[in-house]
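Enquirer: Just so you know, the sequences run in chain order A and B.
Just remember that this note's numbering sits 34 ahead of the position in the first sequence, which is counted from 1.
Just remember that this note's numbering sits 34 ahead of the position in the second sequence, which is counted from 1.
Hints were generated in silico from the structure; no laboratory data involved.
This structure is a prediction, so every number in the text was calculated from the model and none was measured.
You may find that some hints are simply not true.
Stated by the list, open to error - Label-pair restraints from in silico Cβ distances:
| no. | chain 1 | residue 1 | chain 2 | residue 2 | range |
| --- | --- | --- | --- | --- | --- |
| 1 | B | N431 | A | K496 | 37 to 45 Å |
| 2 | B | L514 | A | A499 | 53 to 61 Å |
| 3 | B | K300 | A | D193 | 54 to 62 Å |
Cβ atoms here follow ideal geometry from the backbone N, Cα and C, with glycine treated the same way.
Number of protein chains: 2
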Amino acid sequence: MALEQNFKEYSVAEFFKKNKQMLGFSGKTRSLTTIIHEYVTNSLDACEEHNILPNIRVELDEVGDSKYKVVVADNGPGLPLSLIGKALGQMLAGTKFHRHVQQRGQQGIGAAGCTMYAVLTTGKPVHVITGYKNKMVSCDISIDFKTNKPKIENVVESDSDFHGIIIEAEFGDVKFDKGQYGALEYIRRSAIANPHLSISLKTPDGNLVSFTRTVDKLPRKPKEIPPHPLGIKSHDMLEIAHSSRMPKLSQCLTTDLSRFSADKVKQLKDMLPDIDFSIPPKQLTWSQAEELVKAFKRLKWIAPRTDILSPIGKEQITKSLSAILNPEVLSVAERPPKVLHGGIPYQVEAAVAYGGGIKSKGEIMRFANRAPLLFDTAACAITQVAKAIDWKRYNLNGLDNDPLVVLVNVSSTYVPYTGAGKQAISAEEGLVDEIKNAIQEAARGVKNHIRQKKKASEIEKKRKAFLRYVEQLSTDLSYLANEDASVIKTGIQKIIDEKFGGGLNA
Amino acid sequence: MALEQNFKEYSVAEFFKKNKQMLGFSGKTRSLTTIIHEYVTNSLDACEEHNILPNIRVELDEVGDSKYKVVVADNGPGLPLSLIGKALGQMLAGTKFHRHVQQRGQQGIGAAGCTMYAVLTTGKPVHVITGYKNKMVSCDISIDFKTNKPKIENVVESDSDFHGIIIEAEFGDVKFDKGQYGALEYIRRSAIANPHLSISLKTPDGNLVSFTRTVDKLPRKPKEIPPHPLGIKSHDMLEIAHSSRMPKLSQCLTTDLSRFSADKVKQLKDMLPDIDFSIPPKQLTWSQAEELVKAFKRLKWIAPRTDILSPIGKEQITKSLSAILNPEVLSVAERPPKVLHGGIPYQVEAAVAYGGGIKSKGEIMRFANRAPLLFDTAACAITQVAKAIDWKRYNLNGLDNDPLVVLVNVSSTYVPYTGAGKQAISAEEGLVDEIKNAIQEAARGVKNHIRQKKKASEIEKKRKAFLRYVEQLSTDLSYLANEDASVIKTGIQKIIDEKFGGGLNA
Chain A
35 MALEQNFKEY SVAEFFKKNK QMLGFSGKTR SLTTIIHEYV TNSLDACEEH
85 NILPNIRVEL DEVGDSKYKV VVADNGPGLP LSLIGKALGQ MLAGTKFHRH
135 VQQRGQQGIG AAGCTMYAVL TTGKPVHVIT GYKNKMVSCD ISIDFKTNKP
185 KIENVVESDS DFHGIIIEAE FGDVKFDKGQ YGALEYIRRS AIANPHLSIS
235 LKTPDGNLVS FTRTVDKLPR KPKEIPPHPL GIKSHDMLEI AHSSRMPKLS
285 QCLTTDLSRF SADKVKQLKD MLPDIDFSIP PKQLTWSQAE ELVKAFKRLK
335 WIAPRTDILS PIGKEQITKS LSAILNPEVL SVAERPPKVL HGGIPYQVEA
385 AVAYGGGIKS KGEIMRFANR APLLFDTAAC AITQVAKAID WKRYNLNGLD
435 NDPLVVLVNV SSTYVPYTGA GKQAISAEEG LVDEIKNAIQ EAARGVKNHI
485 RQKKKASEIE KKRKAFLRYV EQLSTDLSYL ANEDASVIKT GIQKIIDEKF
535 GGGLNA
Chain B
35 MALEQNFKEY SVAEFFKKNK QMLGFSGKTR SLTTIIHEYV TNSLDACEEH
85 NILPNIRVEL DEVGDSKYKV VVADNGPGLP LSLIGKALGQ MLAGTKFHRH
135 VQQRGQQGIG AAGCTMYAVL TTGKPVHVIT GYKNKMVSCD ISIDFKTNKP
185 KIENVVESDS DFHGIIIEAE FGDVKFDKGQ YGALEYIRRS AIANPHLSIS
235 LKTPDGNLVS FTRTVDKLPR KPKEIPPHPL GIKSHDMLEI AHSSRMPKLS
285 QCLTTDLSRF SADKVKQLKD MLPDIDFSIP PKQLTWSQAE ELVKAFKRLK
335 WIAPRTDILS PIGKEQITKS LSAILNPEVL SVAERPPKVL HGGIPYQVEA
385 AVAYGGGIKS KGEIMRFANR APLLFDTAAC AITQVAKAID WKRYNLNGLD
435 NDPLVVLVNV SSTYVPYTGA GKQAISAEEG LVDEIKNAIQ EAARGVKNHI
485 RQKKKASEIE KKRKAFLRYV EQLSTDLSYL ANEDASVIKT GIQKIIDEKF
535 GGGLNA
C-alpha cells in the first residue's frame, strides 16, 4: 500500500532543519543576530541563576564568503560533561521548559539550533570549552538529525578552577551588520536592558565595543511559583490535578495553585455542591475541571505575588538609558504585575526618552524578559501599540517626527511569542492594554518638559526675530536722536532681554 | 546535582501545546480559521493526489460559550485504520515531509495540531469516520502529550463503498467571524484559488454558502523530482550523496539531481581534478560537497522542468475571479518557474482586478500552493511587495484608494514560510523580485483600460458641466434671438454631444 509506505515519522531536528526560519535563521544578518542572541541569552540566564555578575565576551571574525568565526565566552557556572550534549546538541531538552519561572530562554531549542546551523552551513561541529565545579572539558558537538541526539567528539577533561562556557564555532550564510538588525545593535540593547551586564564585542574589522555595567547588583531573582487560579484553563487544571502529589483535591488546590486559601476551598464547596473535594486529584474529570475553572472566575483573588518577576526596574532603566542614550528628558513607568490567561503573571515597563543624544526618529526598543527583540517588528504587539498612541496628546509630533526612543520590556514566566523565532509578542487581550498604559504613563512624564521646551523654543524664536532688527534700529535711532548707536543698542537689547528672559542661553 | 536533575527532555507535542500560537492557535477567530485551513488543505491534497474532483462540506454549530462543533467531510481516498492515528494524533508524522513535490501541507503537524487543540479546549477526542478501499472505520482520536503518540478509542469497522473522511470535533476558545480573518473568507478564497473545488459552509446561524466548481478538470498533477543543482547548499549535497543508492558519485549526481547530464559530470571533472567521481557517494566529504556546490554555480543549467509545479493557471484564475468577484477589468500574469536557493522550483502567478463587483479598497489575496493566507499580513513578502508597487504608473491611485483586488499565488515544492503558522511568506531573495514582476505584469494589463476609463470619466465630467448651462443659455438666447427656447436647447445639446461623443451613456 503506497499510502502506508509513504507515511513516515521524523525527528524534531529534521523538522527545524527544514524550517530553519522558524528559529530565526532567515537572511544572513538575522541569522548571525540569532546566534548571538541564543548564546548571550543562555549566558545571562545561567549567570543570574547562579548569582554571578555576568561578563560576556563576543568575538566575530570573517573567515570566508559569508562565513564567520563566532566566539562567545561567559563567566557562568558552566556545564558538566554529562549535560553538554543535551544543552548544545539536542532539541527540546533543557532545564527551562516545565518551570513556572521567568527566564529569557524557554524552549530548549536555542543553542542546539545554533549547532544545527553551524553543521548545516559549514559541516563543522561547535567547539565547546566549559569549566564546571573544578572540572574543565573541551569537546566538539554536532547533532544527528535523524535521531535528534547529540554527537560528542574529541573530549578532553582536566582539572581547573575556571567556570563558564566558551563557544567557538564557524557559521556560513551569516553577515555582520552594524544596522538596526545586526549583532552590534543586539548587544547594545542587551546592555540597556541589563545594567548589571558587562559585555564586549570584537567586530570583524577589529574594533572593540564595550559596555560596562552601570549597576553592581544582580536583578531580583525571579521565583518559581504555582500558577494563579485566575485565567487558568480547564486543561491546565486537569493536568495540575493529575500530576499532583496531594491526596485530596482540596489540598491539590491549596498547594498546586497560588493564592489558594482554605477559605477559598470552602467558598468553592458552597458554589459546587456536586463536586467532592476529598477525592484524589487524579480522579478529577474534564467536566469537573471545567466547573472549577468557571467558578474560579467568580471568586475574588489576591493579585499574584509581585516578587516572582524580575523586571529591569525604574532606577536601572534610568541609569542605563542615561548612560547609553544620554537623552534630554527621560521618563520611566513600571506597571503593577498582572495575570495573563493561563494563570501566568506578567509585568510591563516602559520608558520614553527624548532629544539630547537621541538622533533617530521614533526608535522602538522591544524587550521580553530583558532580551532585545529586533525582528518581526510589525507583527509585535509593542510596535502596534506604540504606533497607535496619540503622541500629540503628549506634545509630540509622533514617532516618525521626533527624536524619540520608546522602550518596552515585558517580563513574564511565559511570554506569548507569535513564533518560535521569539521576536514578536502576540497581541493578547489584557497585555495590549498594559503595554498601552505603560507607554502612556511614561509619555506623561515627558509631556510637561516638552511643552515647556516647545514654549521656550517659540519664545526664543521671537526673541531672535526682534534681535535681527536691533542693529538696523540702533543705527536709525542714533541718526534721528543724535545719540551714540551702541548706547541705543544696549538699551533695546535690555528691553528684549527683560521681555524674553534673556533667551534660553542667558 | 540540581542542574542535572532539572535537565529534562520533552516531546514535540508538549512543545506545541505550550507554543500553540506557532501553529496558528492564537485568538478565537484565527484558531477556528486555522482548524478549517488544516482540514480543507488535507482534503484538497488527498483528493488531488488520487485524481478525485474535491467536494468538501464544512458545518459549524455553536454549542457553548466560544465552543463550536466543526464537521469537515470530503470525498477523498480516506485513510486505513493503521494510519488514522499517525495522521490525526501524532505530530511530525505524515506522507509529505520528505518529498520534493508541491503540496499545500508540508509539515505533518496540521491535523494533529487540531486534535491537540480539541483536547486542550474541550477535553474531548476528535471523532473520525473514514472510508478507504471498501472498509469504513469510525473512531475517536486524541493525543498523548508526554509521548506524542495517538490514542485511538471506540473503533468500529464495517464494509462500505464510501470513500473520504468525515471529521467531527468540538473546539473551545474559537469564534466564527464573517470578517477578513474568518472561516467564511478562508473558504471563499479557497474557492477562488481552486476553481475545480466545490465547497459549502453551513454557518452557525444556519445559512448555507456554496461555491460550485467553475472548472471540471483537476489541476495538473505536481510531479516529484530530484532537487535542481542550482542553489543547492553543501549540506544538501552531502545528505543527497550519503543517502544515495548509486554506486558512484558520478551516478549519484546524474540520478539524484535534476538536469544533470553525463556531459555536466565531464565538465565538473575538468573543473575539479582533485575529486574522484568514481568513489561511492557515501564517502563524499564536506569539503568535497562544498567544492561541488561552488562548481555547480559556474555551470550553465537548463531551468527546472515546468511541469512539476501546479499553479492555478491563467484561464482558471480568470474564470474563478470573474465568477466570484465580477470585476470590471481583470488581468492575470503567470511567471515562468524559477529556482529558490536549495534547488527548489517555484512559480508566481498574480492577478489584478478592478472595479465592478469589487467594493473593497486594495484587498491583497495571498496564496501559497493555492491555500489562502489570511494572517500575519504585514510579515508576508506578498504584502510588502504589493504595497511597494508604484500604482500610479498603472493609472491607479494606490491600494488604499481604488476598488482593487491583487491576487498572488506562490507555487513551490517548498514554500519558505516565516513561521509554523504558515501564514506569511519569507522575503527571500529572488522570490521578492518574481512577486514584483508578476504583480507589475498583471497591473500593466489593466493600465490601458483604467487610463481610458479615467479619460472617459473626465470627458463625461466636462460634458455634464456644459449641460448644466444649457437650460439657462437656451432661455437667455431665446430672449435675445427671439427664437423658441427648445430649438436653441436642442441645437446646443447637439454641439455638446458632437464634441463629447454623446457622453458615456449615449
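Enquirer: So, against the hints stated earlier in the document, which numbers end up violated here?
Expert: none
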